[in-house]
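S.K.: Sequence:
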Amino acid sequence: MTDALWYLGRGSGVIALTMLTLVVALGIATRSGRVVAGQPRFVLTAVHRSASLLSVVFLVIHVGTLLFDPYAELSLVNLVVPFTSTYRPLWVGLGAAALDLLAALVITSLLRDRIGPRIWRAVHWAAYVCWPVALAHGLGSGSDGGQLWFRVFAGVCSAVVAGCLIWRLSGRFTENRRVPTASPVRTVRRNSTLEAGR
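So the sequence shown is numbered by our numbering: it starts at 40 and just counts up by one.
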């Protein structure tokens, strides 16, 4: 049973990091409003949301297995309050910090209509902090952190996010800002009123 928890914890952590990498990349692509890989913005938005949900599911599995892993001996407090663990406190603390940031992203996304887009967007910038913190957690506390395959995997994830960030900060990135346009009916009525007044 202990081995099963260990493998499940490792696997779900790797998948969660993969999904978080995809979420960051798709978030940037969605913000641009451009057609990516032949797919319009609404498709990218749907995939972004689905990937976000999957990352949360695998993160819950990852955290849940750690609670029952007798080797790590982590409590619920250690998983939520950063740097309180006796087992690799720095690296597990970074994982707790990433979990807290992701929880803030999920909660504000669920409450987006109530809190408004400005607050939601301000909190959503935490995604740019959450990803490298999660990566550092995986490299430092994961049992595979020193393995070549995991370092290559982490390098690929880093290259994907770095490439997207470079694009986001470049002059080639055009942000899709929705400009409110007047209704055609209102425009016709306004023009008719102006002509009648002449």
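I should point out that these hints are in silico values taken from the structure, not numbers from a laboratory.
Note that the Cβ used here is the ideal one computed from N, Cα and C, for glycine as well.
Hints are not guaranteed to be accurate.
As the list claims (entries may be wrong) - Each pair of labels, with its calculated beta carbon distance range: (1) Gly184 / Gly155: 17 to 25 Å; (2) Gly202 / Glu112: 34 to 42 Å; (3) Val119 / Ala43: 23 to 31 Å.
S.K.: Each hint should be assessed against the structure and marked as holding or not.
M.R.: Here's how the hints hold up against the structure:
no.	hint	verdict
1	Gly184 / Gly155: 17 to 25 Å	violated, 40 Å
2	Gly202 / Glu112: 34 to 42 Å	holds, 39 Å
3	Val119 / Ala43: 23 to 31 Å	holds, 24 Å
Violated hint for the displayed structure: number 1, the only one.
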